[in-house]
Amino acid sequence: MSERETDSGDTAPGDEAAEGEEFAGGTSGYLVGLGLAALLTCAAFAMVNLPLVWRPAVPMALVVLAIAQMGIHLVFFLHVSSGPDNTNNVLALAFGTLVVLLLIGGSVWILGHLDHAMMPMGRQMHGFP
Amino acid sequence: MTAKAQDPYRIGRGGSGNSNTGRGEGGPASKRTTVGYGFWIYLLSDIILFSGFFAAYAVLAKQTAGGPGPRELFGQERVALETAALLLSSFTCGLAGVAAEKRKLLPAQLWLLATGLLGAVFLGLELTEFAEMIGEGAGPQRSAFLSAFYGLVGLHGLHIAVGLLWLGTMMAQLWVKGFRPQVLRRLMCFNLFWHALDIVWVGIFTMVYLMGVAP
Chain D
1 MSERETDSGD TAPGDEAAEG EEFAGGTSGY LVGLGLAALL TCAAFAMVNL PLVWRPAVPM
61 ALVVLAIAQM GIHLVFFLHV SSGPDNTNNV LALAFGTLVV LLLIGGSVWI LGHLDHAMMP
121 MGRQMHGFP
Chain Z
1 MTAKAQDPYR IGRGGSGNSN TGRGEGGPAS KRTTVGYGFW IYLLSDIILF SGFFAAYAVL
61 AKQTAGGPGP RELFGQERVA LETAALLLSS FTCGLAGVAA EKRKLLPAQL WLLATGLLGA
121 VFLGLELTEF AEMIGEGAGP QRSAFLSAFY GLVGLHGLHI AVGLLWLGTM MAQLWVKGFR
181 PQVLRRLMCF NLFWHALDIV WVGIFTMVYL MGVAP
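So the protein sequences, as listed, match chains D and Z. Each residue of the first sequence is one higher than the last, beginning at 1 in the working numbering. Each residue of the second sequence is one higher than the last, beginning at 1 in the working numbering.
Here are some chain Z residues the structure puts well away from chain D; computed CB gaps all over 10 Å:
no., residue
1, Glu72
2, Leu106
3, Gln109
4, Leu118
5, Ala120
6, Val121
7, Leu125
8, Gly168
Pulled a few chain D residues facing chain Z out of the computed Cβ check, cut under 8 Å:
no., residue
9, Asp15
10, Tyr30
11, Gln69
12, Asn88
13, Asn89
14, Ser107
Source of the hints: derived by calculation from the structure; they are not laboratory data. Note that beta-carbon positions come from the ideal geometry of N, C-alpha and C, so glycine has one too.
All chains should be built: construct the whole structure from the sequences, respecting the hints.
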């Protein structure tokens, strides 16, 4: 770690903070991340296979578990943190997330309505999920 | 009281007693930071590319044109194996990065090799799934749902295949050149790439496979 090109105020994406204790650092950080990610994955598969949740709520539960797991990956594997040395990385990530949400949400919303409006011609589509 | 105690996170960014804000005497960012940030921007644009395919799949998932749907086509066992292989490969890839930070060549190479083998297992499972589905007449031409499926999952598989090629060149570079700064930067970028692909896979196994077979 000492030979690394260090920087006074910024941390490269994926790098642990250059100084001080990192919340999700080192091998133990990866182990914790692996454990949590495996737990969430198992929970997602259990949602589908076991009668744990009210059936119409299963897709929403799956979405929540997936977002939680993406967060775990970001924090423990990609070392995104809230520290000031990570501000640039977090801002870029926030903008990317915004575009992704607009793209997926907008497509589903608009095309769901379009499909609904064209109901006499085809089958009814109940949007997604 | 030292400057570090007053400003432990260097919000003021000042070096030795420099009270200016901004970069000031610190000079431009290091190459590792700029390279990593540039690659981070690329990854975000790549994820936006994926989001287009995700949106297409979300819109077309029910348009099976009388052909087979997700429930008939997808087996959960194979998806669980693929997910486990990719998650473990993400883990071993991270450990390779940790070993490289500590300049330990053999552990780094072994963890990279494990990453590559797990990635190859993932790719093999995915290709057998595609081959079986096409053999059953559920190829990409069958319905809009299947076109979107092969587009999304195939794009991810293509990224994994490119990542495996990159992984091979990284192992060769570590072997021949050792821990030079540029090799370490490339390894950092590969780590980012591989972890990002695992994040995309979380979206795929949730939206395509689990929601497809959900009751």
